[in-house]
Amino acid sequence: MIQAISVTGLALFTGFTGMMSLGHAAFIAVGAYTAAICTKTYGLPFIPSVLLAACMAGLASLIIGIPTLRAKLRSDYFTIATLGFGEAMRVTLENIPITNGARGIANLTKYSTLPVVFIALVIVVFLAKNFVFSRYGRMAIAIREDYVAAEMAGINLFNVRLRSLFISAVFAGAGGAFHAHYICFIQPNMFTNVQSTMLTAAVVAGGIGSLTGPVIAAILFASIPEILRAAEMWRLVVYGGVLVAIMVLRPQGIFGYKEFSHLFRKRKAESTEEREASA
Amino acid sequence: MSEVAARIENLGKTFGGIIAAEELDFQVKAKDIMGIIGPNGAGKTTVFNLMTGVYPPSTGKVYLGDEDITNLAPDVIVRKGIARTFQNIRLFNKLTVLENVITAVDLHHRMYTIGEALVLNLPFIRGKVKRSEKELRDRALFYLEKVGIAHYHDHQADSLPYGLQRKLEMARALALEPKLLLLDEPAAGMNPEESMELARLIQTIQADFAITILLIEHHMDLVMYLCHHILVMHFGRELAQGSPDEIQRDPAVRKAYLGESWNND
Chain Y
62 MIQAISVTGL ALFTGFTGMM SLGHAAFIAV GAYTAAICTK TYGLPFIPSV
112 LLAACMAGLA SLIIGIPTLR AKLRSDYFTI ATLGFGEAMR VTLENIPITN
162 GARGIANLTK YSTLPVVFIA LVIVVFLAKN FVFSRYGRMA IAIREDYVAA
212 EMAGINLFNV RLRSLFISAV FAGAGGAFHA HYICFIQPNM FTNVQSTMLT
262 AAVVAGGIGS LTGPVIAAIL FASIPEILRA AEMWRLVVYG GVLVAIMVLR
312 PQGIFGYKEF SHLFRKRKAE STEEREASA
Chain F
55 MSEVAARIEN LGKTFGGIIA AEELDFQVKA KDIMGIIGPN GAGKTTVFNL
105 MTGVYPPSTG KVYLGDEDIT NLAPDVIVRK GIARTFQNIR LFNKLTVLEN
155 VITAVDLHHR MYTIGEALVL NLPFIRGKVK RSEKELRDRA LFYLEKVGIA
205 HYHDHQADSL PYGLQRKLEM ARALALEPKL LLLDEPAAGM NPEESMELAR
255 LIQTIQADFA ITILLIEHHM DLVMYLCHHI LVMHFGRELA QGSPDEIQRD
305 PAVRKAYLGE SWNND
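Protein chains in written order, with the numbering used here: chain Y, 62 to 340; chain F, 55 to 319.
Hints may be right or wrong, so weigh each one.
[As the list claims (entries may be wrong)] Computed list of lysine to any residue pairs in SDA-like fashion (alpha-carbon distance at most 20 Å, straight line): (1) K190(Y) / V173(F); (2) K184(F) / F187(Y); (3) K148(F) / F194(Y); (4) K233(F) / H282(F).
Simulated from the structure, these hints should not be mistaken for laboratory data.
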């Protein structure tokens, strides 16, 4: 469920803006460390720490986003840039004093209880939904569909992409903050590119262009290894198998381009049509 | 006497060693329908790309009215009043027909900020965001009605048949409220009947919105019927310019482009 918060962030960026990022673990890491340092070193309450963590992750996204997106890097080059950024962030965390280096920060208070995380997830999904179904989401989707045409529709590619990346990083950062206060211990090794890849896998398996899908996929993916704990060493193999099966059977993802709420929207559209017809 | 909507001065573009366009000079008169014709690879689309800022010109200037718009970014140029369609249709495929147009309407009718979008759009409450979205929908529907595809508004853009996708692209371009509309082969893939129907639509649009239109087209009957002024391009250069009558009589044009068969009459 904690992962779902970060995945929602990535879903906005990859699923709706059409840019692939393999560095989102960096934003999670920034969020996790910021929150951990806030609560532990400075004794701040949890909620302000989470907000601060989200802001820091947002700032970090500007550091990578402004130069790469301004240069209008094509999506695959951009992806490689994020890969490098993720790695650079991890190494940085290992080497600056405030993060306690590779040893990490231990003995955090466990604030991330189930209700807290659930409420946070609802808020994040609510915000993400509003983003997607607004003019901002529409512009992002337009860019995903055809960036040349989007530009010719007067959309500034740089602004919209950076905005998506920023929001996405903010959510990832919040996710990181919750993660840190769930595990109660963080170290740079937890935020490798493998972590980023898992996030991307959840988004793709859940369905590009959907919010419901990635959230469900994230919860599913987090629970599969736990459910399969009995299978011991084979569980990760099964996990990989599930991923492959999803991609083969449903290349568009579990919820490709669809939302849970679409059913409802369709019905509404039909009723307006009827009204128009009768008018 | 009449105003100039756009002016091209000594425009040129080279890609590596290849000259795509050079020494082009022409004016588009305001409220006119002007045509660019020429064989494939003559550099017609390059001219559009240079005018809309897809890439910067190697030489020369582009003016919209009196304003120099050379080297501006595409989205800035759109804001200043040039909209275009594409030779190979470029729609936002996974959006609905209506949403495609809303994306464009949005340019001049931005009605809420991102903060309002994120926080104020609560379920079951008709707030500012929902009201603005409704207004955007209505405005977009107006453009769809203009090109005659309003009843498809709920369809996904890529599910439309080819001809209607072209019309949708025109609706989207119109929704940007341009002063100058560039149409890149609007009748491509249409039979003579369909293309004449399109010609009438283009005339209606020109009159109703009082805009200037510059179009690239291969259907000669459409061009001759529609355009007041024609530029003929050949190997990136201007071959001739003039009224449809002048172009049809021009010996160089006949020889290089229209073929000897035009001698018959």
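Q: Check each numbered hint against the structure and report the violated ones by number, ascending.
A: Hint check: nothing fails, all pass.
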